[in-house]
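Peer 1: Modelling step: build the complete structure from the supplied sequences, incorporating the hints.
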Amino acid sequence: MLNRSSRGACLALALVAVTSLAGCSGYVKRTDFDAAISKLQSTDVQMQQQLDALTADMQQRFSKYDATLTEMQGRLRVDTVAHFDFNKADLNEQDKAMLKDFAQVMQAHHSSAVVTVEGFTDPAGSRAYNQRLGQKRADAVRDYLVSSEGMAAGQVRAVSYGEASNRQVEKGASRDAGTSNRRVALVVDYAG
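Residue numbers for the sequence shown follow the working numbering, beginning at 1 and rising by one.
By construction, these hints were calculated from the structure, which means they are not laboratory data. Beta carbons: idealized from backbone N, C-alpha and C, even for Gly. Mixed in with the good hints, there may be bad ones.
Derived Cβ-Cβ restraints for the label pairs, each shown as a range [to be verified]:
| hint | residue 1 | residue 2 | range |
| --- | --- | --- | --- |
| 1 | Phe33 | Asp143 | 44 to 54 angstroms |
| 2 | Asp189 | Lys88 | 24 to 34 angstroms |
| 3 | Ala97 | Val28 | 52 to 62 angstroms |
| 4 | Tyr27 | Ala56 | 43 to 53 angstroms |
Peer 2: What follows is the structure, encoded as structure tokens:
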């Protein structure tokens, strides 16, 4: 759910915009101002309903996968358990099934959203190497979503956080113990 500060910020921004425009051409009629605010509130409600529907559908579909869904300020984050082998960026069939479900939900509920695929690694190896490996993992997921599941190329972007210690699931764990650090997260941003 959008938190109150996000809603307040949106409404404050709208008020500033309406007030600024009013200063350019005289006063804004109270009815015009009220109509603009009402439209913004309606849009806010619609966005929240879309996010709630998306979250519910993903929770239902992803209950069979080892994935965690988190709502965060108008975004939905899907953390998947890593199925990347040590030092690899290849997708396996279990990952492909989950990604297919993800793409279907996105196309049904949120086709205008932007998805950021975040790639992660365990801390074994150099920081630079892990940054590149995390990017390869994110690219592999992005490429699969676009080429195999029909998502628009401009809708899916890929970034790497490598071995960033503040984002590790198991702090400092690598090799067999670091499986949960070798993962991707899918972050859905509403884009209109």
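Peer 1: Next, verify each hint and record whether it holds.
Peer 2: Hints and how they fare:
1. At roughly 48 angstroms, the beta carbons of Phe33 and Asp143 sit within the given window of 44 to 54 angstroms.
2. Here the CB-CB span from Asp189 to Lys88 is close to 28 angstroms, well matched to the stated 24 to 34 angstroms.
3. About 53 angstroms separates the C-beta atoms of Ala97 and Val28, a value consistent with the hinted range of 52 to 62 angstroms.
4. The given range of 43 to 53 angstroms is respected by Tyr27 and Ala56, whose C-beta atoms sit roughly 44 angstroms from each other.
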